[in-house]
Amino acid sequence: MESVGNIVMYFIIAIAIIVFSVLTVTSRKILRSATYLLFVLFATAGIYFQIGYEFLGAVQIAVYAGGIMVLFVFSILLTSRPGNSAERLTAHKKWLGLTAAIAGVGVCGYSLLSYGELMARNMSVNLNVDIQRIGEALLSTDKWGYLLPFEAISILLLACIIGGVVIARKR
Amino acid sequence: MEITMMMYLIPSLIMFGCGVYGFITRKNMIAILISLELMLNSVDINFTVFNRFLFPGQMEGMFFTLFAIGIAAAETALAIAIVINVFRAVNKVDIRELTKMKF
Amino acid sequence: MEFSYTVAVLIIPIVMFLFLGIVGVKLSKKTAGVLGTCAMGVTTLIAYAAALTYFFGTEQGQIVDGVRQQLEVMNITWLEFTENLVIKLGILLDPISAMMLIVITTVSLMVHIYSLGYMDGEKGFQRYYAFLSLFTFSMLGLVVATNIFQMYIFWELVGVSSYLLIGFYYTLPAAVSASKKAFIVTRFADLGFLLGILILSFYTDTFDFVTLTSNPGAAIASAGGATFMGCSVMAWALTLIFMGGAGKSAMFPLHIWLPDAMEGPTPVSALIHAATMVVAGVYLVARLFPVYCLEEGTMTIITVIGCVTALYAAAVACVQSDIKRVLAFSTISQIAFMITSLGVARPELHEGVGYMASMFHLFTHAMFKALLFLCAGAIIHAVHSNEMSKMGGLRKYMPICNIAFLIGCLAISGIWPFAGFFSKDEILVAAYANSPVWGIWLSVVAGMTAFYMFRLYYKIFWWNNPDYGHHTPHEAPMTMTFPLIFLSLVSIVAGFIPFGDLVTWNREGLTTHINWGVAGTSTVIAVGAIILATLLYRKENAVPEKMADSCRGLWTAAYKRFYMDELYQFITHKIIFACISRPIAWFDRRIIDGTFDMLANVTNSASYAVRKLQGGSIQGYVWVYLAGAALLAAIAIICII
Amino acid sequence: MIWSNVLIYFVIVPLLMLGGLALSKSVKQVRAVAVTGATALMLLAAYLVIEFLSMRAAGDVSPMLFTDSWTWFEPLNINLALGVDGISVVMIVLSAFIVFAGVFASWNINPLPKEYFMWFCLLSTGVFGFFISIDMFTMFMFYEVALIPMYLLIGVWGSGNKNYSAMKLTLMLMGGSAFLMLGLIGIYFHSAPEGGQLTMNILEIAENNAIPHEWQYYLFPMTFVGFGVLGAMFPFHTWSPDGHASAPTAVSMLHAGVLMKLGGYGCFRIAIYLMPWAAGELAWIFLLLTGISVVYGAFSACVQTDLKYINAYSSVSHCGMVLFAILMLNTTAMTGAVLQMLSHGLMTALFFALIGMIYGRTHTRDIRKMGGLMTIMPFLGVGYVIAGLASLGLPGLSGFVAEMSIFVGSFQHADMFHRVLTVMACCSIVITAVYILRVVGKLLFGAVQDAHHKELTDAEWHERLATITLIVAVAAIGCFPNFFSGIISEAAEPIMKLFA
Amino acid sequence: MDYSQFLMMPQELGLLAVFLLVFLFDTFMPKKSLGALPVFTSVIFGAFAIANYFMLMRGTAFSGMFESTASTFVMKSILNVGMLIVLVQSIKWSNSEFVAVRRGEFYELLLTTLFGMYLMISARHFLLFVIGLETASLPLAALVAFNKNRYESHEAAAKYMFTAIFSSAIFMLGLSFVYGLTGSMYFADIASRLVGGSNTALLITAIAFVIAGVGFKLSLVPFHLWTADVYQGAPTAVTSYLSVISKGAAAYAFLVILVQVFGTVYSVVWEWMLYALIILTITLGNLFAIRQRNIKRFLAFSSISQAGYIMLGVVAANELGLASLMFYVLVYIVSNLAAFGVVSAIENFSGKVSIDDYNGLYKTNPYLSFTMMLAMFSLAGIPPFAGFFSKFFIFVGALETGSVAIYVLVLIALINTIVSLFYYLLVVKAMFIRQDDCIIPTFRSACSERIAMIACTLGIIFIGIASCIYTFMVDVVNDNVMMFGLLK
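Those protein sequences? They're chains W, H, Y, G and R, same order as listed. Using numbering that gives the first Met the number 0, the letters of the first sequence correspond one by one to residues 0 to 170. Using numbering that gives the first Met the number 0, the letters of the second sequence correspond one by one to residues 0 to 102. Using numbering that gives the first Met the number 0, the letters of the third sequence correspond one by one to residues 0 to 640. Using numbering that gives the first Met the number 0, the letters of the fourth sequence correspond one by one to residues 0 to 499. Using numbering that gives the first Met the number 0, the letters of the fifth sequence correspond one by one to residues 0 to 487.
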């Protein structure tokens, strides 16, 4: 039995995710979209906090909300003139989007729902994700250790920096 | 009332659906990138939720999410660079500009 | 073998052919002609030596117990199909082949000599002699064949030589089409021959004549009573083989090529289309006679076809205006006599006199028909036309020719003592012996023969005396008159050869005597016909024209050869070309080829149709991507769960 | 050692030619290399025949002689396995002859003579390689090696609608080989009994005889159709008229003369030999198709007006006869089939050579626009008549021998179906006569149609050489058939025993 | 914590060393000596590629996260060959005016993407695999956008980037389901936990999405739509790299994932999915290729259809299939690079990329045409060129499974070879048969380009005939036979 606070919190988060997701993709003002996205990201972080992954929630806020959103906002400001809003959608386009979304969600939803008893699983109470464990796992070479991906992603990020430079360079 | 795994997955799925919808309907390339963020985010939620509910003993899903956030950041950065690049070339961020090559 | 030198009769002509064919153009015309003639002369001598030794010698076992033996002088394997079905090339000496050796070499030599004069100055003289050699080779190979397949081989070769010789004047369209027609019609007949051989050899498991004829009962029995469409397969085989013979021998309805074949040089007509090649069919049936006479049905077919042809050809001959055509139809008619004679012959009737009569007639006919043709050649040479209307009164200008032609006419009409009298008499005897119907029928045809021959004779040498202008006809040179004289003499005396002793179906001696009842009747008919012809055609008058007018329809029909050519035209052009070949060609291009082209076009249009998939927009791409992934999952879920 | 086997030189010589041509600088050198190579091949072929006969005479009765095998792709047990029996030997001789004549027939090829001869050599490599191989993989490889040069040979040096024809020919033949490839791999996977070592070697497969019947049922049609396309089997023959019509002379010669034989040879060597059960069961379908080919090709030829089309359809008819005879499944017919391959190869090469020479002079192939050529170019005219007579089966030339063996052999079938088809096939000899005489009559005889033709010249020495070579070969087979049929039937007999 | 485990990945470390050297050279060498950078890169990469052969390690590292076997080793070596050719080929281009300033980045990015592919090949953990995949694809977007003064380059980059991110989202969604089902990202764990597990809808969806994600890299229809546009828009050097190297890596990774991870659910689930995808890929690739006039776009569709053939090695899912796949990739690399070598030589000289511009090329540039023709024949599978052998072997590999369905599949593939032959011949036709007024004049291609083309030509001629190469591949795979133990 969950505490009432948890339940209320869950509903707030869930509704926020749903509502702001929808708003993100339907808002005709691009800056508003970005703002709604920020709310979605916060709500996601809320989920992480709620299920006990505080570190992850923090990363989510720091990287996404702090980093990526800034990038978005800057680029929006760079590329759009104020007061610009998107044209209305054509029915054709809407229809295409809806079919794709429904097809994707439908298939996934059906698959998930068909896995009934697993989906109805509750959260187990004891969870031990302290920051030390995370740190050790991150640099461990044993099973459930992530040293190699950690090193590998550094290469990826380096490559992306170089790539960014290549693209951004004037000449 | 119990909060089951499903109850977390459903918002995530809807988020994913919204991402898909947005990707296909939006015209602004940055809006499309925003939609993509939604999709990636929903995947992250899936991983964490699966980890927490089904396999609480280890942190595979969480770490995947951690790395996925990193990857997403890199992707977004590069994508925005490309969008800016396109903007420089055609002075627009309209995705409909990008249909010169076809068939 | 003592007769092994006979091989030379085949080798000399073929060597001559190759020699003249390859280096002929380098030689002068005269050299080529003389060389060819000399080679032919040598061949003739050898053939005579062989034939005469065979007939009249005794020391080499030609006759055992009064039966003339079939001597296989040589028999080399040429092509092995199976263990027993082997094509061999060899030389079989027996009465008929020996007799044919004489006929062929004699006529061929005469034609060789005659052509020296007749073809003088023609372009392609060397080629002409080469072809003559080829023909002689093929024809000799045909008659000495030891097995049916060898015969078929040479059968084809004579066909080709005939084709080449008919088309000798290859720049003339008429000659070209005549040669083509001759070849194709005979080829069609040969198809029957081939099928007949296939059937026959399948059941009897042999091609060999000696094996087949020495025990004909076993050959017939080997089919084991198998039937096809209600007839025994052996009857089919023999009838089909006869079809080949009928084609070569221009039997109705396969005769149409022969009149056209007259487009060839006249000596060629004399050699090929009167004396030798056209009797190959008769020879073929004679060769297999022991087998044939066991198949009553086939024999009846042979008889009927013979009779119909005889009458038909005689009727047509009566109204033709081209002298070579008249002679051609006359040839058809006479060969039909021989065929009928074989058809009516039965071992039990007069000891199979029909067989002997047929061969006898073949022999005499070869001589006098060659004579007639050569005379015709001389006449054509003199007046430069084939048409009777351009002739008349030639007796004054060409006395030798006149006499020779008259002898020929008398011989063919069956007037004693000319050769035709004896042989035709035997045929009539055989026919009457079988059934009076055939006898009477043939007697009537014999009368018609006398009529049209004398019509021809009078029209050429008497009738009127047209103005020849400065081209006054004159007697032919010596090279041409010598063969005429020689053949005239032969036509006079040939009747006295004791054929009954020499050539019979069972190769035993046969005593013949003139059946004066039959002979008298036929002589009377012939003389009557000659008198009629004399009355009508001796002097130019309007009676024949009036007679023709009185039955114009019949006359025209006969003149048009009862529209057989038109019928063939119709069949080949309207049915085979227009209704088979063209539709097939159309089908090939439009349907078969069209199908493959369509495959290509479909691919191409499919390619055009799917191009929309790649619309250029990213959103379209991901839509397809997602749809693909979702569909993949959905279908798999539906199928598996 | 690989070099000790004479057969390998049939591949090496053309490859050396290829190298020599690549290095040569002038047309003279190109010709010199081509002639040397072609002569070397002829000599090699002669040597092979002599060796082969002497080995046979010495009592060697193994199914294949000169067998050798070198491992190539060890994991799949693919070997470079060589070997010849009587049938392959005669095919090799045929190819050598036609390559030889082809070199002379393309003496004045223009433009790019060097490239032309290089492709020509590649084609020959494929052809010879195919005939000497007894490993399915190598066979198939050489088969395709022989096909692809056709595209460029027709495309670059052809005439008329050459792009279309070249593409059509290539695609259809490759379509056939697509089926073939599947069939071959299928055979490979059933080549040995359960647990045995799979093999590509034809002799071993035949010996194992392990292909299950239900597989034979599918693999047989695949391989037969695959090869049948090249053998111009109805209804897959339509590449042939267009292809031949557009191809340059020597290519037509080589293609009709040798390449189409690959089809018949392959049908026999792979489809029939390896899958006798299915051959017995399914022969009737293909007999029907090939029977149609025979008559259909002949009828189609009757109304064509282009010399090459006439000959192409005639090839359809004659090659149909080859497959037809093969399917009769007895020694005599099989011998006839191989003889027919030989005969058709030579005489059709002769035809195409002459057509090429005539076309080179008159610049038209429409028989309606030509006439009376006999007086203008007697040598070519006589050659054409001889080719025509060979084609319509004149005794003394090769066509007769082949056709008669086929007919007699086919008629040995006691079955009514086979008999009726045989009779149908026999009819083609009449139709053949019709179209051959039609074209001879229109082309060579009669009056000269075009005044310009009167100035034309007769054959030159290299053309004469090509023509005479082929005529001699045609006549040699026609006059001394037992020599050839002996070699062939000896090879065919053990295989045809499978059906007895 | 045993850091010596890094020694299990000598190839990756070597590559990083090369990367580092290039980076340092680019950063610290004086400006005027930078012109030597391309050659420098080629040389040290070549040295690395050779040294590579002494670096074979067998075994797993990081508790099964990374695996090095004979076949991964060989696969990486094959990619090295391709990489080396691409490097040599691009020397001329990278010294051209527009590229010169950024050529350091060009080489660095190429090397990092190769590193990503190494990871894809060796990864035995999905996280590592995803990182490898992203490393292999994200920098490529930057490379595609390399040509700043061409609009197509931007469009191509944007298309590539967006679809790539979308695809990786889908891929990760699929992975999340896999994780939900098994609780591990280790390949071995997943495989063992799926044993006996029912084929739930979730698993099927997961597999479908995983296939879609990897199929995107391999450009399988319908996940291929970016391919043509990107190939067309990207600089030719990048296109050639994209078309061969990344495809080869993806193909191998695909096989590993499907066989090692989902091997247990093989015949029921993904076999049929792959059949459908292969048929679609080959057919649509061919259908699109027919209409193309732009040679790069044309080669894009051709490469799509080739990917379908490569996939036949995947459905085979046996030793022979893997060996044939690797062999096919090798042959495909040399053939396609030969074609691209010619295309880039001509593009560098004249800027022309339309097939129609190739009309009459043989007259003026016989060697280029010859190389192109060999490449086309090899791609079409014409003997005696390598493509024939690779095609034959991949069919043999596929058919070894022996089911009727696979026979039908191969038959369809074979029928498609006819269509593919048609369009390959179109190029040959243009060069050899067609004539034009404005033929590309005779020119001398750069030394580097010629070296690359000669290498490819030799490869096309000899890789097939020299049977030792294929035999070697089979041996390599058999050495690694445990990999397929799950199937038996």
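What the hints contain is simulated information worked out from the structure, not anything from laboratory work. By construction, the Cβ of each residue, glycine as well, lies at the ideal position given by its N, Cα and C atoms. Do not take every clue at face value.
Using 20 Å as the maximum straight-line C-alpha spacing, the simulated EDC-like pairs for lysine to aspartate or glutamate come out as follows [as the list claims (entries may be wrong)]: (1) Lys101(H) x Asp355(R); (2) Lys26(H) x Asp141(W); (3) Lys93(W) x Glu1(H); (4) Lys26(H) x Glu96(H); (5) Lys25(Y) x Glu459(G); (6) Lys142(W) x Asp355(R); (7) Lys28(W) x Glu1(H); (8) Lys147(R) x Glu96(H); (9) Lys25(Y) x Asp457(G); (10) Lys99(H) x Glu151(R); (11) Lys92(W) x Glu1(H); (12) Lys91(H) x Glu151(R); (13) Lys496(G) x Glu79(Y); (14) Lys91(H) x Glu116(W); (15) Lys101(H) x Asp1(R); (16) Lys147(R) x Glu1(H); (17) Lys142(W) x Glu151(R).
Partner residues aside, some chain R positions facing chain H, computed with beta carbon under 7 Å [what the hints assert, rightly or not]: (18) Leu137; (19) Asp188; (20) Val194.
Covered stretches of chain G (chain R as the covering partner; in silico rule of three or more C-beta atoms under 8 Å from a C-beta of chain R) [as the list claims (entries may be wrong)]: (21) 90–100; (22) 250–261; (23) 303–314.
Against the structure, test the hints numbered earlier, and report the numbers of the ones violated in rising order.
Numbers 2, 3, 6, 7, 11, 14, 15, 16, 17, 19, 20, 21, 22, 23, in rising order.
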